[in-house]
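The chain contents come next:
Number of protein chains: 2
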Amino acid sequence: MNYDQIMQLALERGFYFPSCEIYADAQAGFWEYGPSGVSLKNKFVELWRREFVRRDRMMEIDGSQIMSEAVFVASGHLSSFADPIIGCQKCKSIFRADKLITEITSIVVPESADLTEFDKVILEKNIVCPKCKGTFEKAHKFNMMFKVGIGPESEPAYLRPETCQSIFVDFPRLFKTMRGKLPIGIAQIGKSFRNEISPRQSLLRLREFYQAEIEVFCNPNKLDNLEKFSEVENTEIRIMVEDDIKTMTCKQALDAGILPNKLVAYYLGLLIEFYQKTGIDVTKSRFRKLGDKEKAFYASVAFDFEVETTTGWLELVACNYRSDYDLTSHANKSKEKFEVLDDEIKVLPHVFELSMGIDRSLYTILEHSFRDDKENDRVVLSLKPYLAPIHVGILSLVKKDGLAEKAEEVFFKIRTKYDAFLDHSGAIGRRYRRLDEVGAPLAVTVDHQTLQDDTITVRIRDSMSQERIKISDLDAYIVKAITYP
Amino acid sequence: MNYDQIMQLALERGFYFPSCEIYADAQAGFWEYGPSGVSLKNKFVELWRREFVRRDRMMEIDGSQIMSEAVFVASGHLSSFADPIIGCQKCKSIFRADKLITEITSIVVPESADLTEFDKVILEKNIVCPKCKGTFEKAHKFNMMFKVGIGPESEPAYLRPETCQSIFVDFPRLFKTMRGKLPIGIAQIGKSFRNEISPRQSLLRLREFYQAEIEVFCNPNKLDNLEKFSEVENTEIRIMVEDDIKTMTCKQALDAGILPNKLVAYYLGLLIEFYQKTGIDVTKSRFRKLGDKEKAFYASVAFDFEVETTTGWLELVACNYRSDYDLTSHANKSKEKFEVLDDEIKVLPHVFELSMGIDRSLYTILEHSFRDDKENDRVVLSLKPYLAPIHVGILSLVKKDGLAEKAEEVFFKIRTKYDAFLDHSGAIGRRYRRLDEVGAPLAVTVDHQTLQDDTITVRIRDSMSQERIKISDLDAYIVKAITYP
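Taken in order, these protein sequences are the chains called A and B.
In terms of this note's numbering, the first sequence is residues 16 to 500.
In terms of this note's numbering, the second sequence is residues 16 to 500.
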């Protein structure tokens with residue numbers, strides 16, 4: 016399977032599609048989740064809550080997307096969250112300097128490089144506008160935050176470029192009122208916004224996107240003092256060591272000095288256990304330590320969690336050790352106190368973060384679940400049953416003879432409890448195929464025998480096998496099929 | 016109880032608090048949900064999904080918050096979604112014209128009135144700036160949409176002022192790919208944004224807020240052809256008839272001509288059944304038909320669902336019959352076809368909407384659940400157990416003697432499945448009180464007897480009664496306690 020097949024499925028089966036598509040002024044980088052996509056996303060988020068927030072006793076917040084200017088002065092985004100861009104003197108087209116140089120010359124100039132480095136390569140390699148052959152103006156920085164004006168006075172504020180800033184700003188209140196104790200994770204799911212120059216590939220590079228971020232506040236002197244590490248010490252991760260991917264347990268990676276401390280190792284372990292449960296093939300994953308030029312400006316150590324897809328290695332999670340960068344910056348700018356007591360000693364916490372891209376994760380789940388089952392002339396999404404947009408289809412074999420009404424009766428019994436889809440129309444085989452394509456693990460058929468003895472057939476998505484059960488056993492049957500491991 | 020008590024509880028127990036509060040440039044009208052608020056909100060949303068989306072077989076989507084300019088040209092928001100404002104010539108303060116006039120003179124000029132009407136009253140009543148006594152400039156319109164610039168070219172786009180616009184714009188694709196059949200509800204939960212002049216009262220008037228909107232697409236010739244109406248025909252609603260609130264069934268209101276048709280009556284019935292399950296006291300509710308000057312510009316018939324709180328009657332849901340206003344506008348502007356087939360006949364659907372404010376609903380749930388139980392020296396949030404931020408507290412009677420470890424064992428068994436809160440520190444009575452204040456229906460205590468016979472005590476929030484059960488029965492006990500009705 017490849018990106019185009021997933022795209023087609025997404026469009027045809029209501030997973031996602033372009034925003035404002037009926038209008039010519041629709042902007043790139045904005046996508047909508049359709050009914051199947053919303054249902055998959057909700058279940059992904061619920062799994063994330065189970066495996067991080069509940070399991071690790073985190074606090075979850077939901078903050079404003081519009082935040083005041085001072086926040087981004089302190090965070091450094093107002094000065095540093097910018098892409099290098101170049102504009103054509105002739106046709107005025109604008110390009111990202113680093114991307115254009117790499118596309119044309121294969122030379123890699125990191126996006127964080129000094130602006131003069133771009134100008135130098137453009138001059139040396141004689142790079143001209145790919146659209147009109149015009150020459151380029153000097154490279155400059157384009158800030159990727161969206162600015163908004165508040166109130167009739169239009170006071171400056173910004174759509175947050177990452178969800179974590181509310182977590183930092185809210186930390187003093189949360190730690191105090193919620194009686195926090197280090198180390199503690201504070202989590203948030205929500206939209207972030209980046210004014211990308213070149214959004215592309217649907218969910219893979221968006222201007223408006225969903226993040227699930229976890230910021231773990233910890234005592235920097237106790238990073239190896241973490242009892243719960245034993246829960247994941249034998250969990251296997253795949254990690255780049257020099258140019259190879261090695262499979263090892265969290266404990267082995269820690270002992271070999273590949274991971275810096277127990278706290279980082281613990282959360283990378285949780286992360287891989289989570290992704291295993293999403294159905295993503297983690298034998299195609301790797302943690303990759305970033306070099307100094309690749310890291311975000313706030314990170315002192317960073318690992319990207321990447322997964323192999325048909326679009327290449329895709330970064331799903333940035334795992335950044337942000338040290339005290341954020342809390343110090345906000346403390347200085349706001350004059351608020353960010354130190355807390357840890358065993359009676361005052362400490363300014365350090366922060367380790369797991370910054371997850373939800374949209375990219377969903378794309379990867381779709382790609383890794385997609386099976387082109389040619390033998391049976393069908394496409395199947397072999398989603399984990401607890402992530403399936405539809406748990407069960409309820410089908411009448413034919414519409415007449417009272418079968419439609421009987422199917423509705425069955426549907427009514429379970430309609431609020433499960434995601435059930437009632438379908439009467441079309442050949443039964445085609446209806447099964449459609450359910451396979453949205454990954455519904457179960458399909459119930461109401462036939463003439465049902466009218467006699469109140470039994471129904473249940474068809475299993477992956478095996479296509481069928482069994483006959485009593486209607487009264489259906490509820491328990493579904494519960495068992497969709498329960499978390 | 017009153018607004019201030021709820022506010023205090025919200026701040027102290029992690030329900031909600033101001034955004035960016037550590038900074039002086041924090042803007043009014045932006046609030047954050049803390050851990051208790053997020054959990055309550057998530058459960059409210061899940062109930063909404065059960066009672067509307069699943070029960071009524073709706074489609075749910077999740078669209079972009081930033082939408083292109085053409086959308087709001089067509090919707091009328093660019094020209095009509097504006098508040099009348101007046102600025103002081105001397106101190107430059109800005110006020111909402113209608114509000115200021117009413118505050119000072121008690122004269123009501125509707126916000127949709129012609130601008131000259133405000134100028135006339137200001138002149139006649141000699142209204143001056145309340146801050147500096149300066150005279151006012153002429154009234155003008157202030158558009159309440161937040162504008163953003165996309166890409167380096169800064170092409171104009173807007174943060175959506177209501178979630179429903181994506182539903183309208185996406186309708187042609189959704190109806191076709193999802194094989195829709197009229198009438199069909201399309202639902203969306205998400206943030207909307209309005210640049211209010213005077214945000215106030217925390218969750219009650221926000222600039223960034225959550226809506227749960229349902230747009231029901233229907234054949235205008237079949238508004239009384241709705242079999243499922245029988246599901247709610249005996250459901251009682253309270254509705255304003257002239258100046259009185261009358262209690263009657265949906266069927267009675269329909270027969271008396273107070274509600275215009277079965278479709279509207281059906282959805283108002285669903286709405287009241289939903290709110291009953293939230294724990295809001297629906298004997299303090301009313302549907303109120305809006306007059307022509309009160310209605311939104313797109314509505315041909317409108318009922319507000321209002322609930323009595325200590326802040327007055329609070330509008331929780333706007334129920335608007337939008338007719339073909341939106342689809343016609345988008346069809347004209349985009350040239351896309353919005354007609355669909357209904358029983359082989361081409362029809363341009365009409366739209367009836369339930370536009371719910373989530374934040375206000377949550378406030379009302381808190382206020383209606385709040386009990387100042389002076390007799391027992393406690394505050395209790397008598398939330399419905401399935402809405403409680405914490406399902407169960409797990410407490411060790413004392414920290415020593417291995418009780419903390421035993422409590423952790425109990426916690427570990429249920430931690431991913433329920434919202435459980437593990438708490439070792441402080442007097443047991445104080446820990447019960449804190450759980451009462453966040454509405455946790457159950458508190459489990461691990462004591463010395465637990466070490467002997469693996470039993471625990473369960474304390475019930477509302478009655479404060481306790482019973483001793485086996486640890487192995489706890490899971491089933493919680494399931495039973497938090498199950499939906």
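Do not rely on the hints blindly, as some may be mistaken.
As the list claims (entries may be wrong) - Some chain A residues close to chain B (C-beta under 10 Å, calculated; not the full set):
hint, residue
1, A43
2, P50
3, G52
4, S54
5, T192
6, K206
7, Y225
8, T264
9, D296
10, T298
11, I486
Stated by the list, open to error - DMTMM-like, lysine to aspartate or glutamate: derived pairs with alpha carbons at most 25 Å apart:
hint, chain 1, residue 1, chain 2, residue 2
12, A, K191, B, D40
13, A, K148, A, E66
14, A, K114, B, D40
15, B, K156, A, E126
16, B, K415, A, D357
17, B, K292, A, E424
18, B, K206, A, E61
19, B, K414, A, D358
20, A, K495, B, E170
Calculated directly from the structure, the hints in this document are not laboratory data.
Because the structure is a prediction, the values reported are computed rather than measured.
All residues carry an ideal CB built from backbone N, CA and C; glycine is no exception.
Going down the list of hints, with the structure as the test:
no.: 1; hint: A43; result: holds (8 Å)
no.: 2; hint: P50; result: holds (4 Å)
no.: 3; hint: G52; result: holds (7 Å)
no.: 4; hint: S54; result: holds (7 Å)
no.: 5; hint: T192; result: holds (6 Å)
no.: 6; hint: K206; result: holds (6 Å)
no.: 7; hint: Y225; result: holds (9 Å)
no.: 8; hint: T264; result: violated (21 Å)
no.: 9; hint: D296; result: violated (23 Å)
no.: 10; hint: T298; result: violated (24 Å)
no.: 11; hint: I486; result: violated (19 Å)
no.: 12; hint: A:K191 - B:D40; result: holds (23 Å)
no.: 13; hint: A:K148 - A:E66; result: violated (53 Å)
no.: 14; hint: A:K114 - B:D40; result: violated (37 Å)
no.: 15; hint: B:K156 - A:E126; result: violated (44 Å)
no.: 16; hint: B:K415 - A:D357; result: holds (20 Å)
no.: 17; hint: B:K292 - A:E424; result: holds (23 Å)
no.: 18; hint: B:K206 - A:E61; result: holds (19 Å)
no.: 19; hint: B:K414 - A:D358; result: holds (16 Å)
no.: 20; hint: A:K495 - B:E170; result: violated (51 Å)
In terms of the numbered hints stated before, the structure departs from hints 8, 9, 10, 11, 13, 14, 15 and 20, listed from lowest to highest.
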